[in-house]
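Taken in sequence, the protein lines are chains A and B. Position 245 (the first sequence) corresponds to 245 in the working numbering; numbering is contiguous. So the number in the working numbering is just where the residue sits in the second sequence, counting from 1, plus 409.
Treat each hint with caution, since some may be false.
[Unchecked claim] Restraint ranges, calculated between C-beta atoms of paired labels, are given here:
(1) B:D524 x A:S262: 27 to 35 Å
(2) B:K427 x A:R199: 52 to 60 Å
(3) A:R348 x B:T535: 37 to 45 Å
(4) A:G269 x B:R545: 39 to 47 Å
(5) A:E69 x B:E512: 12 to 20 Å
(6) B:L453 x A:E406: 24 to 32 Å
(7) A:E294 x B:I532: 30 to 38 Å
(8) A:N93 x B:M417: 51 to 59 Å
By construction, these hints were calculated from the structure, which means they are not laboratory data. Glycine included, every Cβ here is placed at the ideal spot set by N, Cα and C.
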Amino acid sequence: MSGRSNDMYLTREQERILSGERGAAKELAMTILAKVGEALGADSLVPIKSAHVLAHYSSLHEAGIEVLEKFSSSGGRFAVPTTVDPASVDLENWKSFGIPEEYAEKQFRLCTAFAKLGGIPCWSCAQYQVCNFPKAGETVAWAESNSVVFANSLIGCRTNKITSGLDIACAIMGMTPRFGMLLDENRVAQVAFRSAIDRPTDLDYRSLGYYIGRHSGSRVPVLDGLPKKVSSDELKHLGAAAAAGGPVTMIHYVGITPGSGSLKSASGGERVETFDVGRKELDEVESDLNQSEEKPDLVALGVPHLSVYELGQLAKFLEGKKLKGGTRMYAYTSSQAYDLLERTGVKREIERSGARLTHSTDAEISPLKRLGFEVVMTNSAKLAEIVSSEGAVKIRYKPVAEIVEEVTS
Amino acid sequence: MTKVISFMGRVLLEGRAKGEALVSRRAFTFAHGVEPSTGVVTDLRSDLSGENVREKVLFFPFGKGSTTGAAWFLETVRLGNGPAAVLTQTAEPMIVTGAILGEMLYGRKIPVMTDFPPTMAEILRTGDPVTVETKRREVMVSREG
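So here's chain A without its partners, still in its complex pose (with noise of 0.2 Å):
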């Protein structure tokens, strides 16, 4: 007896493709969607409306190239839209910012590969911001913790948090395996949080998501008291701040979320145990993350990618101010924004600060270290969570406001 729980089913074609009759790259795809599905629990595969798929350098290493170049080498093409994350390096610009050229080029092999298998090059952590947006109800796979909670809590589609080389398998085969959160049953709020924040600041919204990430568990959260003019923007980063802190993939937002009225209606009716989130609280994670009060060498703003609103937003924040020496601030956005930004003229507008505007790229998948960088400010609490784990670079944690105060004059 194997001890397994289940065997997965699967349709004749879907055999076929297993044994190797519709070529190498579809092999290698039904293989590991066979024997992921399988050790967790699927019980068939389901076919997906798109993919987001994970393609930088920084986290996919030798061995992440070696399995997307397996594919795009082998003949296979993405069955379905296939947006991907952000690349290590900025595609256009990364001379400028001091990127060592084996590095680079270590990034090209994946955006090879990725343009070889029909990818939709947008190089975004936002992407459904600017170029993959599914309608409530559709089953996707996207990997990217932050698209993840986007995907569930805000759109009303259906995915599970989609890991790396699992994530091309899906986008080739164009299913993915049915578990986790595709399931109606695990999709239900056990663990509730409250929060009253009056007016809360840009950094509150992440401080929150975090406090969530943190003591929800494997639990799905559901969040009321919000303010009723929250913005998605707002949503993103309270998403990726629970993401980053714990295993979050959704967040019921009471009279937000698609079904989640109330927070009886989120939790199927059952009581459940809640936190109240308030001053205090957000205060505690503010400490947490923030771990330094030395002067920053570079502020690092848009983790996840900043909107065209918010960084038109910021301009207005930096007009008629002027970063003090030896501090350099990044923006981090999508190629599309960046093009947008550059012909309505925000794009200069950011930059008459002495700030950079830098797409295809996100800060904590660069190699801040490696570019010399040992204090970095930022209103991000994923970036902060993960650049502080790794403990290479020290991290300020502030609101927007705090930080333009006191790096310009």
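Based on these hints, arrange chain B on the given structure of chain A.
For chain B alone, kept in the frame of chain A given last:
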């Protein structure tokens, strides 16, 4: 006298393994959390910070962090620094995917089991000699005393 404590779990990837337990009581991730070229846990927020996962029977309750977890796990395996087995309380797809790719690409078999009773986290200690035997869905811990 050596006492053997046994825990039953659900098998995600088959195999057998023997090694010293490395036990975390917090969410764990390989992504930005384990240095693939050494196997050392670099995550300062982990209670295993500074320990080495190489050839250990790694236990943690559930995963966290970036979806690149499988890639970091795979690179660790590629460089010969992977754990002997991974045991969790909640199934962690990133570990499962990384371990499957590790076997497909580099021929290293790493058994993965999950859904252990909550008491396991309290009883199992870092350094315990552990045998993982997925055929019997069992993990055996030897304890002196």
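Results of checking the hints against the structure:
no.: 1; hint: B:D524 x A:S262: 27 to 35 Å; verdict: holds, 32 Å
no.: 2; hint: B:K427 x A:R199: 52 to 60 Å; verdict: holds, 58 Å
no.: 3; hint: A:R348 x B:T535: 37 to 45 Å; verdict: violated, 56 Å
no.: 4; hint: A:G269 x B:R545: 39 to 47 Å; verdict: holds, 40 Å
no.: 5; hint: A:E69 x B:E512: 12 to 20 Å; verdict: holds, 19 Å
no.: 6; hint: B:L453 x A:E406: 24 to 32 Å; verdict: holds, 25 Å
no.: 7; hint: A:E294 x B:I532: 30 to 38 Å; verdict: violated, 43 Å
no.: 8; hint: A:N93 x B:M417: 51 to 59 Å; verdict: holds, 56 Å
When each numbered hint is compared with the structure, violations occur for hints 3, 7.
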